[in-house]
Amino acid sequence: MGKRGIETLVGMFVLLGMGALTFLALQAANLGSMTGGDTYTVQARFDNIGGLKPRAPVRSAGVLVGRVKVIGLDSTIFQGVVTLEIERDYKFPKDTAAKILTAGLLGDQYVGLLAGGDDADLASGDTIAQTQSAVVLENLIGQFITGQAEGGGSAAPATEAPK
Amino acid sequence: MNFVHHVGVTALDQLRGWGHAAFFFLELLRALPASLRRFGIVVHQIHAIGNRSLVIIMASGLAVGFVLALQMYYALAAYGAAESLGLIVNLSLVRELGPVVTALLFAGRAGTSLTAEIGLMKAGEQLSAMELMAVDPKVRVLAPRLIAGIVSMPILAVLFSAVGIMGAYVVAVLLIGVDAGNFWSIQQTGVDVWRDVGNGLVKSVVFGVICTVVALYQGYETEATPEGVAYATTRTVVISSLWILGMDFVLTALMFTAP
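If you're matching them up, the sequences are chains X and S in order.
Taking our numbering, the leading residue of the first sequence gets 127, the next gets one more, and so forth.
Taking our numbering, the leading residue of the second sequence gets 430, the next gets one more, and so forth.
If you are wondering where the hints come from, they were derived from the structure by calculation, not from laboratory data.
Heads up, a few of these hints could be off.
[To be verified] Derived, one-sided and incomplete: chain S residues facing chain X with beta-carbon distance under 7 Å:
no.: 1; residue: Gly479
no.: 2; residue: Asp621
no.: 3; residue: Thr681
[Stated by the list, open to error] Stretches of chain X that chain S covers, calculated by requiring three or more beta carbons in the stretch to come under 8 Å of a beta carbon on chain S:
no.: 4; segment: 128–135
no.: 5; segment: 148–157
Because the structure is a prediction, the values reported are computed rather than measured.
Beta carbons: idealized from backbone N, C-alpha and C, even for Gly.
Pulled out of the complex, with its shape left as it was, chain S reads as follows (with noise of 0.2 Å):
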């Protein structure tokens, strides 16, 4: 009996957390057009979680860009197909890794940091004191925040993608000897603006909303100590990323499954 109860007991917490975690993303959402308006915030907010985040994004993709051509040169070479090597790398970064890896690092690098600073607002009683002088905090703490979110993310997975194939080029090109016509050409008979680099971009923008509301809403819901920030932190970065990977597979489903 007293196992049917705890289980019960867990299961409507759950449930409760669920439908709490959508009421506050529907309550951002609503604060979003208020938050628009002042645009100083937002921009702000784009330098602190989009122009930080350059760096690590762009050597990632570099890096990744470089792996592949390397691990990619080593299969083809076998077949004589070296030629296919842009083709591969290319539709790898923009259709799977550009969004995923960045949605990932974009968590860890951007969304913890925005956990404990919401966190620590809230443990230092600012968003209480915000409310108190009539200034609603998720239009302006947490809404401009998810805005420069939703900006950031596309814009580094883009970089992302662009800075790998340029790593890939400089591998198999300059350092392999692939030719550099057939790497280019290849790429632009077989990726598809709309398909592969857009289908990529709408990624991305989903995983922006989910990294940023995971991250916004861990510190938002925090315990007011540090241990309780020090949870949510380590909690954003495990949710996001599950988040992100179910999510890749059910728009990966949708979106490249059409002959």
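With the rest of the complex left out, here is chain X (with noise of 0.2 Å):
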């Protein structure tokens, strides 16, 4: 074979590479859905964000609008300082409030914002004030056994005498 056909091949080969990297950062991973650089960022505090992980949803009304940028832990007052990173054509009002949920009974934790009615739109720097934690499940089962145990005791007899 010639020197030129080998170097045709040579680049097909090559050209065969990129179209296979263009596949699997477009249609097989996040390249595509990636937010392009028009972003503000604001702040929210929570007594507990469960499992919430950098690089996770932000949505409103299920909508996707932003993520998470940093996690950080406030040492002064003990809460966790949450930046979120929300694209520019999302305008939320001042009053706006934020909270950790999870997508599914067991799924990934994302942030949900609901917006409020203020005519003053958040702007890059802000804090929310409004926040509500992470529902942390084991909390949540504690209080379940605790409300059992003391409402039980009477609810008890009443579903047995009917037998």
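Join these two chains into a complex; the hints should help.
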């Protein structure tokens, strides 16, 4: 085979590799859905962030509007400080509330934004005042068990009575 | 006393071998810029070790994708999570199987041929003849092959993963009937370009260096006899495979343990 033929084949080989990489990045990974640079950041403080991780989605009414950028701890008041990166196209009122929610029963955790009624919008660097921490399943089960123990004493005979 | 002597000699020999290999690697690195000036040789070598490995790599990728999809579906369907099939196949291919299996196949397909070629060149005293003519065989023969190996391996690994995911698509969506939209969108939310695809690519570059350097070293240091070349070829496969598996563990621990 001539020199030019080999060069063409090698060119095709490299091109094939580029094509495969593009396929992996766009179709089989998140490059296509990545938020492009145009974002603003707001902070939210939570008593307990649960299992929230950086790059977790931020949703409003179920729609993806941004991502969690950084998670830190404010060591003066011992609250988790979550920095949210929200796309510039989406504006939220100043009194918007942030909740940490779980997708499905045991799914990944994300931040849910519930818009308020204020006229002014959240600007970059603002802090969301109203927050609701993650529901910790262990605490919930604990409460359920103590609730059963307290209320169950009188309820148990009632269910047995019709027998 | 004799035993102690024997252990000492073996340990020192081993140590000297490692040092020898390290010097070989450094000299090879020093020869890289000079060999880049003769790009024609590099292109020729990419054809020899990259293009010619294409069929075996893509066939293996497709087979791995098929089988992974079938087996994962069997386990996932029990939990009603068949949609996550694409994500699992994608992550295992891009992070681990793509780079590692490609490197193992590459050691068998291209590494052996490199060792045999260089070994026979040495046995036929072609390398010494080059040195006599003031042509550095490291620049003219070894370094272009190293560049070709480093270039070819990531391309092959990416192709392996891509073909594997397409294979999983064929099995999951076309044969089993998993929803195509879910199949892709779960991958697009769960796979990160830099963390997963990028790190997979870094891994395959590292494996490319390992495979090619081991193959070249074994060929260059072979005993100049038919048995010597045969031994060297075998050692290429064994040593590169062990290095690949060991380095894969180290790289995975470095790349994927953070939350």
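The hints, checked one at a time:
1. Gly479: holds, 5 Å
2. Asp621: Holds: closest Cβ of chain X sits about 6 Å from Asp621 of chain S, inside 7 Å.
3. Thr681: Given a least distance of 18 Å, the restraint on Thr681 of chain S is violated.
4. 128–135: holds (count 4)
5. 148–157: holds (count 8)
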